[in-house]
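Chemist: Letter by letter, the chains look like this.
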Amino acid sequence: MKTRTLTRLALMTAAALVLSYLESFIPLPLPGWKIGLANVVTLLLLTADTPPQALAVLVARLLLGTLFSANPGALLYAAAGGLLAFGVMFVLKKCLPGRLSPVGLSIAGAAAHHAGQVGVACLILGSTAPLAFLPFLLGVSLPTGALTGALCIALGRAVKREE
Amino acid sequence: MKRFFKQCKPGDLVAAGAVLLLALAAALLFLPRAAGAPDCATVQIDGVTVRQIALPAEETVSVDNGVTVRVSGYTAWVEESDCPDKTCVRTGVLSRAGERAVCLPNRTVLSLTGADEAIVAGGVR
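Which chain is which? The protein sequence lines are W and X, in order.
Per the working numbering: the first sequence = residues 1 to 163.
Per the working numbering: the second sequence = residues 1 to 125.
Any given hint could turn out to be false.
One side only, chain W facing chain X, incomplete, derived with CB under 8 Å [stated by the list, open to error]:
id : residue
1  : Val18
2  : Thr47
3  : Leu100
4  : Ala108
5  : Leu138
Below, in silico cross-link-like pairs of lysine-lysine (DSBU-like), each with a Cα-Cα straight-line distance of 35 Å or less [claimed, not checked]:
id : chain 1 : residue 1 : chain 2 : residue 2
6  : X       : Lys86     : W       : Lys2
7  : W       : Lys94     : X       : Lys86
8  : W       : Lys34     : X       : Lys6
9  : W       : Lys94     : W       : Lys34
Listed below are several chain X residues computed to face chain W (Cβ distance under 10 Å; list not exhaustive) [to be verified]:
id : residue
10 : Leu13
11 : Ala18
12 : Val19
13 : Leu20
14 : Asp46
15 : Val50
16 : Ala54
17 : Ala57
18 : Gly73
19 : Val109
Read the hints as simulated data drawn from the structure, not as lab findings.
For every residue, glycine included, the Cβ atom is placed at its ideal position computed from N, Cα and C.
Next comes chain W alone, as it looks inside the complex:
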């Protein structure tokens, strides 16, 4: 791998980690949701047509984020949500090329992320109780997905200028 690519990926991973950390300070009025700002990085790499890089940064961000946070148990949920979201966004981008902008991709990704987390929660708890959170979380994925997608569009232009 070229040094330049390696450096860029390292920077992206760091950026994603910082975003996760910063958004943990935003007070959450309602249980269980977050804006998912770190996904802007995943989106940027996906829309740059480099899905393997997006996946690499995602996995790195998940592992490092767990190390840095006080909550190792959260890795399972974050991984389930993050990987499912990546999978959905990747498939959508491949199968419907040009039909979805980062906003649509992001909304679908956010919904998949929450669905993955609820699914894992049901498996771990051995109960269907977490499903009650699903309607609310899916609804929330609309504005959060749109916001992350918008940030991706805005930043995408800035990143291009740096090239």
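Chain X: place on chain W using the hints.
Modeler: Structure of chain X alone, referenced to chain W:
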């Protein structure tokens, strides 16, 4: 702002609409209906029922995984928990049958059951 909307595509609305429909379907399927007064508060860990309290009651239950549940009258809530995010505590007071508070790190579910809503003892697999 307008430049942003120019970037969006019609597919985005379809995606948003699909997610919205899924949310509504999930609401119909998974949200507890307006049920009668609850008659029992249940605490489950890993899907196994560890405490069942018939309502009305006044009790404080300290489960040994770090979660404290309060029952008062026909309501119940998670008073405190040693989990990092405290989502369970912030769920607030449960007052209707079918409502639940979930603590993922402690793998604990507090739920109210009533005549119309039944949770199979031992959890649902």
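Chemist: Are X:Ala54 and chain W close enough, Cβ to Cβ, to be under 10 Å, as the hint says?
Modeler: violated, 20 Å
Chemist: If you take the shortest Cβ to Cβ gap from X:Ala18 to chain W, is it below 10 Å?
Modeler: With a closest approach of 8 Å, the X:Ala18 hint holds.
Chemist: Go through the hint on X:Ala57 and say holds or violated, using the shortest Cβ distance to chain W against 10 Å.
Modeler: X:Ala57 check fails; min Cβ-Cβ to chain W is 21 Å, beyond 10 Å.
Chemist: Let me know if the C-beta of X:Val19 comes in closer than 10 Å to any C-beta of chain W, holds or violated.
Modeler: Holds: closest Cβ of chain W sits about 4 Å from X:Val19, inside 10 Å.
Chemist: Verify the proposed pairing of W:Lys34 with X:Lys6, using a straight-line Cα cut of 35 Å.
Modeler: holds, 27 Å
Chemist: Can we keep the X:Gly73 interface hint, with Cβ of chain W closer than 10 Å?
Modeler: With a minimum Cβ separation of about 22 Å from chain W (threshold 10 Å), the hint on X:Gly73 is violated.
Chemist: Does X:Val109 pass the interface hint, meaning its C-beta sits closer than 10 Å to a C-beta of chain W?
Modeler: Hint holds; X:Val109 Cβ to chain W Cβ min 5 Å, cut 10 Å.
Chemist: Hint X:Leu20 vs chain W: min CB-CB distance below 10 Å?
Modeler: Cβ of X:Leu20 sits 7 Å from chain W, so the hint holds.
Chemist: Closer than 8 Å between Cβ atoms is the bar; does W:Leu100 clear it against chain X? Give me holds or violated.
Modeler: With a closest approach of 4 Å, the W:Leu100 hint holds.
Chemist: Under 10 Å, Cβ to Cβ, is where X:Leu13 needs to be relative to chain W, so tell me if that hint holds or is violated.
Modeler: The hint holds - X:Leu13 has a Cβ within 10 Å of chain W, the shortest such distance being about 8 Å.
Chemist: Measure nothing beyond the straight line between the CA atoms of W:Lys94 and W:Lys34; if it is 35 Å or shorter, mark the hint as holding.
Modeler: holds, 27 Å
Chemist: Given the hinted pair X:Lys86 and W:Lys2, is their alpha-carbon gap at most 35 Å?
Modeler: violated, 44 Å
Hints 1, 2, 6, 7, 15, 16, 17 and 18, counting from the list given before, are not met by this structure.
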